[in-house]
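*Asks:* If you're matching them up, the sequences are chains A and B in order.
Counted from 1, the first sequence has number 242 at position 242 by the working numbering; the numbering is strictly sequential.
Throughout, the working numbering is defined as the position within the second sequence, counted from one, plus 259.
To be clear, the hints were calculated from the coordinates, so they are not data collected in a lab.
Beta carbons are placed, not taken as given, at the ideal position from N, Cα and C, and that holds for glycine.
Since no wrong hints were added, every one of them can be taken at face value.
With a straight-line Cα cutoff of 25 Å, these simulated SDA-like cross-link-like pairs (lysine to any residue) come out:
| hint | chain 1 | residue 1 | chain 2 | residue 2 |
| --- | --- | --- | --- | --- |
| 1 | A | LYS3 | A | LEU138 |
| 2 | B | LYS559 | A | GLY243 |
| 3 | B | LYS397 | A | ARG230 |
| 4 | A | LYS256 | B | SER411 |
| 5 | B | LYS573 | A | GLY243 |
| 6 | B | LYS559 | A | GLU242 |
| 7 | B | LYS571 | B | GLN512 |
| 8 | A | LYS3 | A | GLU37 |
| 9 | B | LYS533 | A | ALA247 |
| 10 | B | LYS397 | A | VAL26 |
| 11 | B | LYS339 | B | ALA420 |
| 12 | B | LYS438 | A | ASP161 |
| 13 | B | LYS533 | B | THR393 |
| 14 | A | LYS257 | B | ARG572 |
| 15 | B | LYS435 | A | THR2 |
| 16 | B | LYS339 | B | GLU424 |
| 17 | A | LYS257 | B | ASP478 |
| 18 | B | LYS438 | B | GLU299 |
| 19 | A | LYS108 | A | ASN219 |
| 20 | A | LYS257 | B | ALA475 |
| 21 | A | LYS3 | A | ALA52 |
| 22 | B | LYS397 | A | ARG28 |
Residues of chain B placed beyond 12 Å of chain A at every Cβ, according to the derived structure:
| hint | residue |
| --- | --- |
| 23 | SER261 |
| 24 | GLU262 |
| 25 | ARG286 |
| 26 | GLY289 |
| 27 | GLU290 |
| 28 | ASP316 |
| 29 | VAL319 |
| 30 | ALA337 |
| 31 | SER340 |
| 32 | GLY378 |
| 33 | ASP379 |
| 34 | THR412 |
| 35 | ALA425 |
| 36 | ASP429 |
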Amino acid sequence: MTKIVVAVKYVPDATGDRTFTSDNTVDREGVDGLLSELDEYAVEQALQVVEAGEGEVTVVTVGPEDAADAVRKALQMGADAGVHVVDDAIAGSDAFATSLVLAKAIEKLEYDLVFFGMASTDAGMGIVPTLVAERLGLPAVTFASEITVDGDTVTIRRDGDVASQEITASGKVVVSVTDQTGEARYPSFKGIMAAKKKPIDEWSLADLGLEASEVGGDNAWTAVDSTTPRPPRTAGEVVTDEGDGGAKLVEFLASKKFV
Amino acid sequence: MSEVLVLIDAPEGKVTKPSLELLTIARRIGEPSAVVFGSEVPSQLAEYGAEKIYQLDDAVYADYLVGPKAEALSQLVADKSPAAVLVPSTFEGKEIAARVALKASSGFITDAVDVSVDGDTITTTQSVFAGNFTVDAKITAGTPVIAVKPNSTAPEATSGAGTVEAVSVDVSDAAKGAKITSTKVKEASGRPELTEAAIVVSGGRGTGGDFSEVEAFADSLGAAVGASRAAVDSGWYPHSFQVGQTGKVVSPQLYVANGISGAIQHRAGMQTSKTIVAVNKDDEAPIFELVDFGVVGDLKTVLPQATEEVVKRKG
Chain A
1 MTKIVVAVKY VPDATGDRTF TSDNTVDREG VDGLLSELDE YAVEQALQVV
51 EAGEGEVTVV TVGPEDAADA VRKALQMGAD AGVHVVDDAI AGSDAFATSL
101 VLAKAIEKLE YDLVFFGMAS TDAGMGIVPT LVAERLGLPA VTFASEITVD
151 GDTVTIRRDG DVASQEITAS GKVVVSVTDQ TGEARYPSFK GIMAAKKKPI
201 DEWSLADLGL EASEVGGDNA WTAVDSTTPR PPRTAGEVVT DEGDGGAKLV
251 EFLASKKFV
Chain B
260 MSEVLVLIDA PEGKVTKPSL ELLTIARRIG EPSAVVFGSE VPSQLAEYGA
310 EKIYQLDDAV YADYLVGPKA EALSQLVADK SPAAVLVPST FEGKEIAARV
360 ALKASSGFIT DAVDVSVDGD TITTTQSVFA GNFTVDAKIT AGTPVIAVKP
410 NSTAPEATSG AGTVEAVSVD VSDAAKGAKI TSTKVKEASG RPELTEAAIV
460 VSGGRGTGGD FSEVEAFADS LGAAVGASRA AVDSGWYPHS FQVGQTGKVV
510 SPQLYVANGI SGAIQHRAGM QTSKTIVAVN KDDEAPIFEL VDFGVVGDLK
560 TVLPQATEEV VKRKG
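When you get a sec, could you build the whole thing from the sequences and use the hints?
*Replies:* Have a look at this one:
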């Protein structure tokens, strides 16, 4: 019986027109939100581990009201239960505060393994898994391209730039997975119907024994001074190849001193 | 002047270019102190301005994932009270720094593309949302910890004292949870590292799976080779060469996209490149909205001609 908690994030759709609000936080109203694509791989891997033996998958998210959509998507994929930590005081939290809330929520659940996507598709820092592990005092095996769970031991393959490594840890372990672990499933019609009956518990900061002063934008350890849209690139010259396309290309490169 | 701790990445004893960039950036803030794990102290550290070099030589750092390195760097932060800590914005660099920052209750900024200093104030610049926004930010708590992306500055050689100080740290058992049981070093391609290269030439669906024209053109320019997600997902090129949201984010002087339509997923990985050039059969490919110069045509004929022309010009 393996109990896996998967932590997921609700993010603005990367194909939408993402922007910032006047207080320099990510605008979560103007663009449709969804389950971060990179977290789908974590849900998929957790489901595969459980399906290969016995167990259950609980999905947890921290975010505003709409973030329940991310949990629901994971339930449709096949996760068993969801937890949504929602509290106005959490708005604007940095990665450290987010990791605190997640660690408290995970502690409240029964679990053997904790899965994360490798990074969010909005902030993209990729450090929340390691921070949650640090807070929970657990080993972290991160950026997995392949995961093997054998009894209480987790072994991953991590493909770096200069080397491919095998890393192993035992007991309760935090795992983060990359998109190299394999396609995530689409929810089936049956899965979508079944998800309607699955519970999503709502927890507040008080439920986790946390104070508002421990989280939120005002208590972040970093502050954004300004956010500036990048000037749009003006399209340059485009020529059609009439047998001299390659030569023209090099002519351009030479004019910019690349050749 | 106070010291700035710089986490050095030096696989096989060779300091990476991004690490040399960090030493250069550190000099804007204070005196660079290099932190190096392993038995070797590369001479480049002093040649690029390291005044002190803290050497941590213990098998524990190679045997386990980030935990021991994070404890060691944390101890140095506690002992030396540096003005800032700079790390490379790699998976490992960010994970180590995140833990160091948490232990010290210090703010942490990842993926900085620039670091500027005005008196005691350090401001970082990041490029976010697929390069559509730049964000200026400050660290407001503790010792600023900053992960800096490759190509954020040009490394400047300058002689530093390079005084080596061996440091030993009692690593806790808790930090030894994730054991590295095997390491297979990848074969070097002989080309520049993708995220560090001044020129990147990449291929996508339009290659049809054959990267030979892309590679030949890259080699004529001394460039790194990249690939789109479509090409990687088709199994045509290894994932470590993928440019895009779920792969590498590159910001070279010149980016040449061949047979790549320019979906948001790809643009997220390359649109902060200084100069962008594309070759694509489809004149309506979105990539042409970004380019400084584009050729509508078949890369199978355009690239060989371009390669020949470059070789000719280089004599």
